[in-house]
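Visitor: One letter stands for each residue in the lines below.
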Amino acid sequence: MKIRKPSKEPPVHPKDSLLRVERIPHIWCPGCGIGTVFGAVMGAIQKSGCDLDRLAMVSGIGCTGRMAGYIRLDSFHTTHGRAIPFATGLKLARPETKVLVVSGDGDLLAIGGNHFIHAARRNIDLTVICVNNLNYGMTGGQQAPSTPFGARTPTSVAGSPEEPFNFCHLAAACGAVYVARWTALHIRLLTNAITEAMQKRGFSFLEVLTPCPSSFGRRNKMGSALDTLKFYHDRSVIRNGIDPRDALLDYDNQIVVGRFVDIERPTFTDNYEAVNLRHAMPSPEPERPQGRRKP
Amino acid sequence: MKYWRKPLDEAAAGKSRGEIVVIVDRCKGCGFCIAYCPRGVLRLSSGFNKKGYHPPEVVNAPKCAACHFCEALCPEFAIYVVEPDTKT
Numbered sequence: 399m400k401i402r403k404p405s406k407e408p409p410v411h412p413k414d415s416l417l418r419v420e421r422i423p424h425i426w427c428p429g430c431g432i433g434t435v436f437g438a439v440m441g442a443i444q445k446s447g448c449d450l451d452r453l454a455m456v457s458g459i460g461c462t463g464r465m466a467g468y469i470r471l472d473s474f475h476t477t478h479g480r481a482i483p484f485a486t487g488l489k490l491a492r493p494e495t496k497v498l499v500v501s502g503d504g505d506l507l508a509i510g511g512n513h514f515i516h517a518a519r520r521n522i523d524l525t526v527i528c529v530n531n532l533n534y535g536m537t538g539g540q541q542a543p544s545t546p547f548g549a550r551t552p553t554s555v556a557g558s559p560e561e562p563f564n565f566c567h568l569a570a571a572c573g574a575v576y577v578a579r580w581t582a583l584h585i586r587l588l589t590n591a592i593t594e595a596m597q598k599r600g601f602s603f604l605e606v607l608t609p610c611p612s613s614f615g616r617r618n619k620m621g622s623a624l625d626t627l628k629f630y631h632d633r634s635v636i637r638n639g640i641d642p643r644d645a646l647l648d649y650d651n652q653i654v655v656g657r658f659v660d661i662e663r664p665t666f667t668d669n670y671e672a673v674n675l676r677h678a679m680p681s682p683e684p685e686r687p688q689g690r691r692k693p
Numbered sequence: 041m042k043y044w045r046k047p048l049d050e051a052a053a054g055k056s057r058g059e060i061v062v063i064v065d066r067c068k069g070c071g072f073c074i075a076y077c078p079r080g081v082l083r084l085s086s087g088f089n090k091k092g093y094h095p096p097e098v099v100n101a102p103k104c105a106a107c108h109f110c111e112a113l114c115p116e117f118a119i120y121v122v123e124p125d126t127k128t
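These protein sequence lines map, in sequence, to chains A and B.
Add 398 to a position in the first sequence, counting from 1, and you land on the number used in my numbering.
Add 40 to a position in the second sequence, counting from 1, and you land on the number used in my numbering.
Hints should not be assumed to be uniformly reliable.
Stated by the list, open to error - Sample of chain A residues at the chain B side, in silico, Cβ under 10 angstroms:
id	residue
1	P409
2	V410
3	H411
4	P412
5	K413
6	C430
7	I432
8	G433
9	T434
10	F436
11	L583
12	S622
13	L627
14	G639
15	L646
16	P664
Hint data in this document are derived by calculation from the structure and do not stem from the laboratory.
For every residue, glycine included, the Cβ atom is placed at its ideal position computed from N, Cα and C.
Take the sequences, apply the hints, and build the full model.
Guide: The structure is reproduced here in C-alpha cells:
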C-alpha cells in the first residue's frame, strides 16, 4: 500500500490563479458580500475563457475599489468616481481589450454619476459592475444615493429623508444595452450574468446587492451578514425582462431582481469609425475651383 | 442519497462526491458556507485560526455532493471542493 505523505505545499484554491494571493486575506469585513461578488467575477472570467492579456479591470474608491488590487490582471485603482472615464480612455486606446469596471454605489453613481450616464448614452463597450451595499461603507457608513428611505446612517440619524435611485432604471433610461440586478446570494445567476455582460458589445450594467454588516447592517438592526443574506433571500423575486421602471427595491415587501434589458445598439467605437469613414470619403459634389477667381 | 425511484443508469453514472478543503487561516468565520450547504456537511468548529476566528469543519464528509456552492459563496476564498477522479 502506498502511503501518501502530507504535502508541504499550502492548499491551492481554484481561483488562486486570478488572485494576488500575497495580498490575501483582504481588507473586507467578515461577512461582507464584496468578496462573494469578487469570486463571481473571477468565476465568470474563468468560465468565459477570454485572453487574460486582453482583459483589464478598473475600479474607483471605496471598499469595492480594492477589488482591482486583488486581481491578477492589468488593473487600475482610479480616483474617486473616475473609474468610468479611465475605462473609457483605456477602451478607446485599446479597442481589443475587454474592460471591466467594478465600483460601489457611492463611487459609481454619486460622485461618478455624470460619467456613468454619459458612458451609457455613448454606449461605450464596458462591463460595469456596481456593488450596492446601500451606504458609503469605507468612510463610515454615510448616506449614499442608494440608501433606502428612512434608513439610519451617521449623516441621517433620524432616518434618510431622500428617495433612493433605481440604478437599473437609470442605466436603462440612459441607453445601457444590458441591465441586470442580482444579490450576493444569487451567485450562479450572477456569474452567468457577468459572463453574458462581458460578451455583450456595449455598455452593460450589473447591480449586485450585498450585505454591509459593519456599517449599514449594524445601524439599521439588520443583524449579522448571514441575517441580511437571509433577508435578501426571502424578499427577492426574480422578474426577468420587466421594465426596469417597475423593478423596485421595496425592502418592506419585495426586492425585484433579474435581467431587465438585453438589446443591441451600435457602440461608440462603431459610430466613431463610421463617422470618420464618411468624413474621409471624397464628397460626391464637383470640386470647387481653388484659389481666387480672376477679376 | 435516497432516490424516489432507482435511476436506470445508476451503475454507469455514479454519484458525484466531493472532498471539502478549508484553508483555515483565510477564514473570517462569517458562516455563509455552513448556513447554505444544502446537505449540512459543515459545522462551526470550536477551535480558532491564526486570526482568532472559528473556521468551519467537515462533520458529514460522505454527504458532500460536490455542488461547489460553499466555494462560490465564500467571500474569503477559504473553502473549495475537490472531486476525486473515481466516482463511487
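Visitor: Checked against the structure, which of the hints given earlier come out wrong?
Guide: 14, 15 and 16
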